[in-house]
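Residue numbers (our numbering), protein chains in the order written: chain A, 72 to 356; chain B, 72 to 356; chain C, 72 to 356; chain D, 72 to 356.
By construction, these hints were calculated from the structure, which means they are not laboratory data.
Just so you know, not all the hints are guaranteed correct.
Unchecked claim - Using 16 Å as the maximum straight-line C-alpha spacing, the simulated EDC-like pairs for lysine to aspartate or glutamate come out as follows:
#, chain 1, residue 1, chain 2, residue 2
1, A, Lys-334, B, Glu-182
2, B, Lys-155, B, Glu-87
3, C, Lys-162, C, Asp-318
4, D, Lys-162, D, Asp-248
5, D, Lys-290, D, Asp-318
6, D, Lys-155, D, Asp-110
7, B, Lys-334, A, Glu-182
8, D, Lys-171, D, Asp-248
9, B, Lys-215, B, Glu-182
10, C, Lys-334, D, Glu-182
11, D, Lys-125, D, Glu-95
12, D, Lys-334, C, Asp-272
Stated by the list, open to error - Derived, one-sided and incomplete: chain A residues facing chain B with beta-carbon distance under 7 Å:
#, residue
13, Thr-184
14, Ser-214
15, Ala-315
16, Ala-321
Each residue gets a CB set at the ideal place from its N, CA and C atoms; glycine is no exception.
There are 4 protein chains.
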Amino acid sequence: MERFQVRTDLALEARESFEEDGVEIRGVAIEESYDEERDIRVTRVNIETENGAKAMGKPVGTYLTLEAPRLSDPDEGYHREVSKQLARELKSLLGTEEEKSVLVVGLGNREVTPDALGPEAVNHLMITRHVVREYGKEALGKSKVHLVSGIVPGVMAQTGMETFEIIKGIVDETRPDVVVAIDALAARSTKRLNRTIQLSDAGIHPGSGVGNHRNSLTKENLGVPIVAIGVPTVVDAATIIYDATGDRDAISPNLNGMFVTPKDIDETIRRLSFTISEALNIALA
Amino acid sequence: MERFQVRTDLALEARESFEEDGVEIRGVAIEESYDEERDIRVTRVNIETENGAKAMGKPVGTYLTLEAPRLSDPDEGYHREVSKQLARELKSLLGTEEEKSVLVVGLGNREVTPDALGPEAVNHLMITRHVVREYGKEALGKSKVHLVSGIVPGVMAQTGMETFEIIKGIVDETRPDVVVAIDALAARSTKRLNRTIQLSDAGIHPGSGVGNHRNSLTKENLGVPIVAIGVPTVVDAATIIYDATGDRDAISPNLNGMFVTPKDIDETIRRLSFTISEALNIALA
Amino acid sequence: MERFQVRTDLALEARESFEEDGVEIRGVAIEESYDEERDIRVTRVNIETENGAKAMGKPVGTYLTLEAPRLSDPDEGYHREVSKQLARELKSLLGTEEEKSVLVVGLGNREVTPDALGPEAVNHLMITRHVVREYGKEALGKSKVHLVSGIVPGVMAQTGMETFEIIKGIVDETRPDVVVAIDALAARSTKRLNRTIQLSDAGIHPGSGVGNHRNSLTKENLGVPIVAIGVPTVVDAATIIYDATGDRDAISPNLNGMFVTPKDIDETIRRLSFTISEALNIALA
Amino acid sequence: MERFQVRTDLALEARESFEEDGVEIRGVAIEESYDEERDIRVTRVNIETENGAKAMGKPVGTYLTLEAPRLSDPDEGYHREVSKQLARELKSLLGTEEEKSVLVVGLGNREVTPDALGPEAVNHLMITRHVVREYGKEALGKSKVHLVSGIVPGVMAQTGMETFEIIKGIVDETRPDVVVAIDALAARSTKRLNRTIQLSDAGIHPGSGVGNHRNSLTKENLGVPIVAIGVPTVVDAATIIYDATGDRDAISPNLNGMFVTPKDIDETIRRLSFTISEALNIALA
Numbered sequence: 072m073e074r075f076q077v078r079t080d081l082a083l084e085a086r087e088s089f090e091e092d093g094v095e096i097r098g099v100a101i102e103e104s105y106d107e108e109r110d111i112r113v114t115r116v117n118i119e120t121e122n123g124a125k126a127m128g129k130p131v132g133t134y135l136t137l138e139a140p141r142l143s144d145p146d147e148g149y150h151r152e153v154s155k156q157l158a159r160e161l162k163s164l165l166g167t168e169e170e171k172s173v174l175v176v177g178l179g180n181r182e183v184t185p186d187a188l189g190p191e192a193v194n195h196l197m198i199t200r201h202v203v204r205e206y207g208k209e210a211l212g213k214s215k216v217h218l219v220s221g222i223v224p225g226v227m228a229q230t231g232m233e234t235f236e237i238i239k240g241i242v243d244e245t246r247p248d249v250v251v252a253i254d255a256l257a258a259r260s261t262k263r264l265n266r267t268i269q270l271s272d273a274g275i276h277p278g279s280g281v282g283n284h285r286n287s288l289t290k291e292n293l294g295v296p297i298v299a300i301g302v303p304t305v306v307d308a309a310t311i312i313y314d315a316t317g318d319r320d321a322i323s324p325n326l327n328g329m330f331v332t333p334k335d336i337d338e339t340i341r342r343l344s345f346t347i348s349e350a351l352n353i354a355l356a
Numbered sequence: 072m073e074r075f076q077v078r079t080d081l082a083l084e085a086r087e088s089f090e091e092d093g094v095e096i097r098g099v100a101i102e103e104s105y106d107e108e109r110d111i112r113v114t115r116v117n118i119e120t121e122n123g124a125k126a127m128g129k130p131v132g133t134y135l136t137l138e139a140p141r142l143s144d145p146d147e148g149y150h151r152e153v154s155k156q157l158a159r160e161l162k163s164l165l166g167t168e169e170e171k172s173v174l175v176v177g178l179g180n181r182e183v184t185p186d187a188l189g190p191e192a193v194n195h196l197m198i199t200r201h202v203v204r205e206y207g208k209e210a211l212g213k214s215k216v217h218l219v220s221g222i223v224p225g226v227m228a229q230t231g232m233e234t235f236e237i238i239k240g241i242v243d244e245t246r247p248d249v250v251v252a253i254d255a256l257a258a259r260s261t262k263r264l265n266r267t268i269q270l271s272d273a274g275i276h277p278g279s280g281v282g283n284h285r286n287s288l289t290k291e292n293l294g295v296p297i298v299a300i301g302v303p304t305v306v307d308a309a310t311i312i313y314d315a316t317g318d319r320d321a322i323s324p325n326l327n328g329m330f331v332t333p334k335d336i337d338e339t340i341r342r343l344s345f346t347i348s349e350a351l352n353i354a355l356a
Numbered sequence: 072m073e074r075f076q077v078r079t080d081l082a083l084e085a086r087e088s089f090e091e092d093g094v095e096i097r098g099v100a101i102e103e104s105y106d107e108e109r110d111i112r113v114t115r116v117n118i119e120t121e122n123g124a125k126a127m128g129k130p131v132g133t134y135l136t137l138e139a140p141r142l143s144d145p146d147e148g149y150h151r152e153v154s155k156q157l158a159r160e161l162k163s164l165l166g167t168e169e170e171k172s173v174l175v176v177g178l179g180n181r182e183v184t185p186d187a188l189g190p191e192a193v194n195h196l197m198i199t200r201h202v203v204r205e206y207g208k209e210a211l212g213k214s215k216v217h218l219v220s221g222i223v224p225g226v227m228a229q230t231g232m233e234t235f236e237i238i239k240g241i242v243d244e245t246r247p248d249v250v251v252a253i254d255a256l257a258a259r260s261t262k263r264l265n266r267t268i269q270l271s272d273a274g275i276h277p278g279s280g281v282g283n284h285r286n287s288l289t290k291e292n293l294g295v296p297i298v299a300i301g302v303p304t305v306v307d308a309a310t311i312i313y314d315a316t317g318d319r320d321a322i323s324p325n326l327n328g329m330f331v332t333p334k335d336i337d338e339t340i341r342r343l344s345f346t347i348s349e350a351l352n353i354a355l356a
Numbered sequence: 072m073e074r075f076q077v078r079t080d081l082a083l084e085a086r087e088s089f090e091e092d093g094v095e096i097r098g099v100a101i102e103e104s105y106d107e108e109r110d111i112r113v114t115r116v117n118i119e120t121e122n123g124a125k126a127m128g129k130p131v132g133t134y135l136t137l138e139a140p141r142l143s144d145p146d147e148g149y150h151r152e153v154s155k156q157l158a159r160e161l162k163s164l165l166g167t168e169e170e171k172s173v174l175v176v177g178l179g180n181r182e183v184t185p186d187a188l189g190p191e192a193v194n195h196l197m198i199t200r201h202v203v204r205e206y207g208k209e210a211l212g213k214s215k216v217h218l219v220s221g222i223v224p225g226v227m228a229q230t231g232m233e234t235f236e237i238i239k240g241i242v243d244e245t246r247p248d249v250v251v252a253i254d255a256l257a258a259r260s261t262k263r264l265n266r267t268i269q270l271s272d273a274g275i276h277p278g279s280g281v282g283n284h285r286n287s288l289t290k291e292n293l294g295v296p297i298v299a300i301g302v303p304t305v306v307d308a309a310t311i312i313y314d315a316t317g318d319r320d321a322i323s324p325n326l327n328g329m330f331v332t333p334k335d336i337d338e339t340i341r342r343l344s345f346t347i348s349e350a351l352n353i354a355l356a
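Okay, chain A solo, but in the shape it has when bound (with noise of 0.2 Å):
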C-alpha cells in the first residue's frame, strides 16, 4: 500500500508514523529515558540495516533525540542544563578524551530566520585552531586543547555550490578529525518545533535522504566522521494539511515550497543556537 511521505528530518517520527499504522520495522531499535526532575526525554533510534533505512527514510546510523518541552521557555538557566546534557553527549560522539579538530558547520540560510539556527549557533562559538596553530596550546593555558574551526558556507541560491563541494573542498584542505554540522531541520508536528534537538552520525542529506547519496555529507563521502546536531524549527505546509484530512488531494500546489513556524522565531532561535553554541564550547573546552 502506497502511503503518502510526510517530511520529517527526526527519526523518532519517522518511526513514530509506523507506529500509528501499527507497523513493525526490523533492523530499527529504539531505546528510551527520561529524566523527570528537568522533564528531558532522550530517544536512542539505532537504524542498524538497509532494509531498517528503507522503512524509515533515513540513512543507517544512530539518532540521539532529546525532547526538552520547556526549551521554548526564556530560562536561562534551563537551557544551561539543557547545553550541558548535550555536551556530555557531544563529548562520547566526538570522542573528545583525545584532542581533537573539530570543523564546525554552520549550515542554513542566514537570512531567512528560522534557517538561521545553524550561521548563529558558529558566530557564537569559541574558535580556537588558528590561536593554537600560531601561538601553541601554551596560548590557551592547557596541556590538552582541541582545535575548534567554524565555517557558514551559506545555501545554494547564494552561493551556486552544493553544501557538500564547500565542506568536501575545506575538509580536504584542512583535514580535521571530525566534522559537526548544525542545521534547522522540518519536523512532522508543530508540538515538536524548538523543543527538540536531534543528535546524529548518520550525515545530513540534502533532499530526501535515500537516493542520490553523491551530494551527502557523510562521512564516506567527506572522509571523516560527521556529527549532525539538529533543531526542527518549520514543518512542511503541505504535512499538516495531510495530517489534518489524512487526504494528499487537499494538498494544494500553492503549498509547495511553504513552510510553516512560529511568530515569535526571532528570540527563538537566539536562544537555541546560543543553546547549541554552549554545548560546543563545554565539550570542546
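Start from chain A and add chains B, C and D according to the hints.
Chains B, C and D in isolation, oriented as in the chain A frame:
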C-alpha cells in the same frame, strides 16, 4: 449562522469569502480593471457603511489592490513598472500636487524575514526632511519639495510599547501632513503571497480590526491621514487547515501563533521592499 | 590664549586636558576611588557652575566614570563584575527603591559597527512594560516591578528627524519616570577606547555640547530625568593628529568626518553592549 | 637609508611615495589616461621585475586604478557609468569572449562596516552556476553563459582558518576557470577613501605583501588565475600620524590595530558594493 473567521488582511479576500458563500454585502462597492499587457489587476473595494465594515471585518475606507503575479519573478524591469503604477496611485492618495511632509513608518519585526518588509523598505527610502530643514529647498535643486522622514518603531516584544504610542508621539512632535505605513500582511490564500499590494486609507488595526480601536493607526487617532501599503507575505497556519477541511475542529491548538511562508522569502522581501520604496521615491521626488 | 578644542565626550578627559596645561578649574569637583582587586577606577566629576561648564565644554551635572582596562579582554566573569558594579551605580541614579517606569533609548547607527553599541544593548534588554500593563505585576511573580520599555530611534540620515524629536514624542505619549540613553562616545585618547564607561545625568548634546541646546536630550527639554550611559568606541581622526603634533594646521581637511577605531570592534561592541544591558537588567530586575 | 613603511594596498600610492622622495624605480612602468567628461582617471602600474616588487612592497603584476572622485556622491547614474567602465576592464582581464566559470570571493568581515565591502558585493551578485548545471544553458535563454559562484569565507577570528585554506579547498573541489576576490583595502591617504577602485592580477597577500607567501591568494598557490577588486575604505591610524609628523616615534603604541574611516561609511559601503557587483553582473551576463 456562525462562520469561522478566516484571517486575512486583504479586503479583496474578505469579500471573496462572501462570494463563495453566495452572500451579497450592502455598503460595499467593488470596481475592477485589468491591464492585460502587464498582467496587473487593480481592484478597488469601497467599504462605505458600518454595516459593510461589520460584514467584511474591516473598517470603513478604500482598499486598492494591485495583483501582479509576475512580482514573484526576479524581473527588475517588471518591478520597475509596478513601482511606477504604485507611484501614480500614491500620488493621488497623498495629494502630491501640493508640497507634503510625509512620515513613512516601517512596521514589523526586522529580525523575522517575512515581517521585515516595512523596515527594509524604509531603509531604501530617500529621506529629505532634515536636508530641507537645514539647507532649504535649494539644497535639492527644486522649487517644489516633499519632506520625507522615516521610522522603524519595532514590535511590542522589542519595545514594550504599542506601535500606536510611538507613532502618535512622533506625529505630535514632528507634525507631518500624512503618515504612510508599510506592513507585511497575512493573506487567506497562499496564491496571493508576495504578488499583491494593497493600498488603503482605512488605517491599521492591530488584532482583529474590529472592536478595540484605541491602538489603531487611524486618521481619527493620529490626527493626520494615514495611507497603508501592505503586501501579504504569510498565511495563518490555522487558515490553510480550515480551507482544506472546512472544519474548525481540525485546527490543532499547536498551530496557534504559527504562520506559513515560502522558502525563498529572503529574496522576495528584498525585491518587494525595494519595489515599494521605489514607488515612494518616485511619488515623492 | 586660544586652545584647539579637542573633541571628547568624557568629562574625565576634558578635565585632564586642563591638568596638562596646569590650569585649575573653579566650579568642578573631582573624587576618585580605586578597586585594586578588580582594577576598576571610579572617578566622579561634578560640574557645579556655568563657569565650570564653560571651561570644561560640558554642561553642569555629575559624570561618573568607570575605567576597567580588562574590559577589552573576552573574560565573561570580569564583564559580569563590571555589570554588577554598574548596576549598583544605576540603581542609585535611577532611584530603584521605588517602582520606576524606564524608557531605554539605544542611540546611534546600528549599521556602523562602533556606533551600534546603543542599538545592540537595547536588543539584549529585558522588556517588561507591555507584560505588566497587560497581565499585571503578578505575571512577573513579583510585588515590586519596574516597567522597562526600549527604542532604537536611528540617526538623522536614516530618519530625517532629530533624535530629540523622536524621543520627546515618545516620552510625552508614554510618560516614563526616567529615560536611560545608551550611546557610543568619542574619546580623546585611544587608550580609553572600549575600556571606560561613563554615567551622567547631564543629558546628551548633539554637536559640541555647548551653544544650541534646542535638540539636547536633557531633563529640562524632555520633562523627565535622563541618565546617559556611554562608552568611547572612537576617537576623532583630527584629535590624534593634534595630540601627536600639537599643531592645528597639521590636520588635513580630508580628516574631517573621519574617526579612528580598533579592528576587532565587532567583538568588542558585542561584549560591551551585553555588559551594559546586563547592568540594566540587574538594576531593573 | 631606512624608510618607515607606510601601509597602503594601492600600487598607485606605493609609487607616489617614491615620487615624493624623488626616487626612480626600475622595473615599474606607469601609464595614465583621464576621462575628463566623467572625471575618471585610470592608472596602470606594471611591476615587471622582482626588483620593482621589492621597491614597491607589492608583488609583480598589473595594477589598474580607477580614480573617480564623484563615487562619494549618491549619484546612481554616475555609479552606473563606473560599473560599465569597470565591466569593460573586467571582461578583458577575465577573458569573457570564452565561456568562463568564475568563483567570486567576498573577503573581509561582514560585521565590521568598512570591511563588509566584499561580503555585501557577493550578496548582490547574479549567481548562475547551480542553475546552468541543473537545467543547462537553455534555462538562462542564452547560447553563451558564464558560470558564476560566490562565497563569503569570513575572517580568521571567525573561522580559525586561513582564508587561503578555505578558498584553495573550494577551488580544488569546484574547479573554476578564474577567481575574482573583492576586498576592502587600506589606503595611505584619506583623500582616496571610497573613491578609488583597484583591479589587479597580482594576487592578495595577507600581511605585508612581501615575505611569507604561503597563504597568499595567487595564481601560483591556487592553480587558477585570480583577479582582485579592491576599494580603499580605511587608512591605518599610524599612517596618518606618520604623514602629519614624518616621525615614526610620534606613533603611539595605542594606535596599533586602529584604523581611520569616515562616519557615513555604511551608506558608502552599500553604494560601492552595489557598483562592484553591477560591474561583475554586466561583465558576466
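Here is how each hint holds up against the structure:
Distance check on the hinted pair: Lys-334/A and Glu-182/B sit about 11 Å apart at the alpha-carbon level, within 16 Å; holds. Distance check on the hinted pair: Lys-155/B and Glu-87/B sit about 28 Å apart at the alpha-carbon level, beyond 16 Å; violated. Proposed proximity of Lys-162/C and Asp-318/C is contradicted: the alpha carbons are some 44 Å apart, above 16 Å. As the CA atoms of Lys-162/D and Asp-248/D are separated by approximately 14 Å, the hinted pair is consistent with the 16 Å bound.
At most 16 Å may separate the alpha-carbon atoms for a hinted pair to count; Lys-290/D and Asp-318/D exceed this at roughly 38 Å. Our distance criterion of 16 Å between C-alpha atoms is met by Lys-155/D and Asp-110/D, whose separation comes to about 14 Å. Straight-line distance between C-alpha atoms of Lys-334/B and Glu-182/A comes to about 11 Å, which keeps the hinted pair within the 16 Å bound. Between Lys-171/D and Asp-248/D the alpha-carbon distance is near 6 Å, which keeps this suggested pair within the 16 Å criterion.
A distance of roughly 37 Å separates the Cα atoms of Lys-215/B and Glu-182/B; the hinted pair therefore is violated under the 16 Å criterion. About 11 Å separates the Cα atoms of Lys-334/C and Glu-182/D, which keeps this hinted pair within 16 Å; it holds. Pair hint Lys-125/D plus Glu-95/D holds up; C-alpha atoms about 13 Å apart against a cutoff of 16 Å. A C-alpha spacing of about 27 Å is found between Lys-334/D and Asp-272/C, which places the hinted pair above 16 Å, so the restraint is violated.
Taking 7 Å as the C-beta contact cut-off toward chain B, the hint placing Thr-184/A at the interface holds, the least distance being around 5 Å. The beta carbon of Ser-214/A comes no nearer than 42 Å to any beta carbon in chain B, farther than 7 Å, and the hint placing it at the interface is violated. This hint holds: Ala-315/A has a C-beta 5 Å from the nearest C-beta of chain B, less than the 7 Å allowed. About 5 Å separates the beta-carbon of Ala-321/A from the nearest beta-carbon of chain B, less than 7 Å, and the hint is met.
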